[in-house]
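S.K.: Chain residues, written in single-letter form:
There are 2 protein chains.
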Amino acid sequence: MTNITLAHGNGGVENNELITNIFYSAFKNEILEKSEDAAVIENGNLAFSTDSFTVSPLFFNGADIGKLAVCGTCNDLAMMGAKPKYLTCSVIIEEGFEVEQLEKIVASMKEELAKNEAIVVSGDTKVVPKGSVDKIFINTTGVGEIQYKGISSNNITTDDMILVSRDIGAHGATIFAAREGMDMSTTLKSDCNSLYPQVKALIDSGVKITALRDATRGGLSAVLNEWAKQSNVCIEVEEDKIPVSDEVKGICEMLGFEASNLANEGTFVLAIAKDDAQKAIDVLKKFPEATNAAIIGKVTDQYEQKVVLNSAWGTKRFLETPTGELLPRIC
Amino acid sequence: MTNITLAHGNGGVENNELITNIFYSAFKNEILEKSEDAAVIENGNLAFSTDSFTVSPLFFNGADIGKLAVCGTCNDLAMMGAKPKYLTCSVIIEEGFEVEQLEKIVASMKEELAKNEAIVVSGDTKVVPKGSVDKIFINTTGVGEIQYKGISSNNITTDDMILVSRDIGAHGATIFAAREGMDMSTTLKSDCNSLYPQVKALIDSGVKITALRDATRGGLSAVLNEWAKQSNVCIEVEEDKIPVSDEVKGICEMLGFEASNLANEGTFVLAIAKDDAQKAIDVLKKFPEATNAAIIGKVTDQYEQKVVLNSAWGTKRFLETPTGELLPRIC
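Top to bottom, those sequences are chains A and B.
Anchor point for the first sequence: position 322 equals 321 in numbering that gives the first Met the number 0, and the numbering is continuous, going up by one each time.
Anchor point for the second sequence: position 255 equals 254 in numbering that gives the first Met the number 0, and the numbering is continuous, going up by one each time.
Here chain A stands alone, though its shape is the one from the complex:
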């Protein structure tokens, strides 16, 4: 008898194994096997994606579970070049939860929906007895209209450069700090944010987009490794080009984390045609939240399905998919 462990939800190795062995093997179909951020349906016209949110604490610096629930699903749609359009909202609430808190959460959702010009068209509300759920879990599932076709994590080639839209790890570091009751006088806050406006600006600018992925659970390391495997390439990243804020660096040093493994909720990785990479950076930098956007690496065929991290001192190491128990209830 095997049992599910927290590592099975880490966004890394064990999580991938669970998904592949249990879900993909049962639900086998071409769309699911593409492992994109959102499924492409209806002749390539619509994107469709789901996410459940279990974050603890519910309210944290920079966002709350409501904002997170809208951003998370809208961002998955945006990563397929889709404009978020329709969302469903399903909540499971613990008996005794305060109505005022629920109202705050729903108000955050409303605000973030407006930024995406999306609407909630269907919902479900369950209330369960005390102890059956911790406060509130929210599922959002979204349908978006694809504005730029062909974005795929399976099509990255040596003609692409690897970019990141801002400094990494802020969400993971914020949740960790909040949970540990660390001093909140710091400016550290979650990057939780809706990404469609940035994606739209990229599309409108005419740059050739190969792949986009928001670096949630498992962080930058997970995305780069997924891409290396899915596109059968080697991704080489320059460590000193990866933007990391001082606050996140501080938390990482204190606790022995790697910023590249920390979750983000408004930061995405881009594979952009070489000739357009700098143009994409210029487009992103117009957004106040993306002033740290940077080209961090290139795609090569040096190793099969590997991510190589080049340090400033000329050393090289593989950046691996995160493994083990990271932070549960991060999103």
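In case anyone wonders, no lab produced these hints; they're calculated from the structure.
Just so we're clear, the structure is a prediction, and the values are computed from it rather than from any experiment.
Possibly wrong hints are sitting among the right ones.
What the hints assert, rightly or not - Computed cross-link-like contacts, SDA-like style, restricted to lysine to any residue with a CA-CA straight-line distance of at most 20 Å:
1) A/248 x A/158
2) B/129 x A/6
3) A/297 x A/311
4) B/27 x A/110
5) A/134 x A/82
6) A/82 x B/40
7) A/148 x B/228
8) B/84 x A/44
9) A/129 x B/40
10) B/228 x B/299
11) A/129 x A/93
Following the hints, position chain B against chain A.
M.R.: Showing chain B alone in chain A's frame:
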């Protein structure tokens, strides 16, 4: 400070209040306000619906949480005349849950997806620490292709008859019996079942369908009251025409329940044009699970937005929307 109570999830009065006051008032839009079983999007071509499943126990006579999760969402699509096509599957699993049980649940989902000729195209897997969730919760959200346009709970008139597809209350009675450890040598089992085949047969037969709704939480009473309000009509039902199995009657008598308040997971209520009502019954009766299909009432303008129950002895009473704490975690 007000707190959420179990009654807020009962599918009845308090549940409606919560949905209206918190969610509808924030998410306000035309589609949501129609309060249909599924949202109609993309120029009336697609139906879109979500449901989270928290049922306890996970395995019960006639189904399990996996079958329920597929039936529940596919049925909501079917109730809008839509063929279930794409589903998302999002699971929240408690640390320590047995992989074998997860495999059984996923196998049930697979089997039921095949019956609907639907596929899971996107998923999410969260694992949370012990005590943060009770075993496993599943959200499914579906997109279906509308085959018969114009089905709506807002369009019922005195030209319609009210039908029910089979005997009512089996799911609610089964879960209750299972939870109370009552003797399982009875033939009582959940009605949990995929309804699209029955809906397709109705569409193919050419009957004029006004409204369909599966009688889940809150049971037949909730559906009829919702319809009376939404279509601004009076619905008059003949008590002795409502099919109830002996097993369900037994549980109701023993425990003081009304069968019409009990949840169903494979039983639907129909508003069908008078001239086609008998034909619809004939179509339904070809399905082994629907041999008890019956015309149970008519639509009048006797009272505003009320449901009248006529007993066999000539007495009349209003059938009200269920209120108070019904059975939590019924679905």
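S.K.: So, for every hint listed, does it hold in this structure?
M.R.: Results of checking the hints against the structure:
no.	hint	in the structure
1	A/248 x A/158	violated, 32 Å
2	B/129 x A/6	holds, 13 Å
3	A/297 x A/311	holds, 16 Å
4	B/27 x A/110	holds, 12 Å
5	A/134 x A/82	violated, 31 Å
6	A/82 x B/40	holds, 15 Å
7	A/148 x B/228	violated, 44 Å
8	B/84 x A/44	holds, 15 Å
9	A/129 x B/40	violated, 36 Å
10	B/228 x B/299	holds, 13 Å
11	A/129 x A/93	holds, 6 Å
Consistency note: the structure conflicts with the earlier hints numbered 1, 5, 7, 9.
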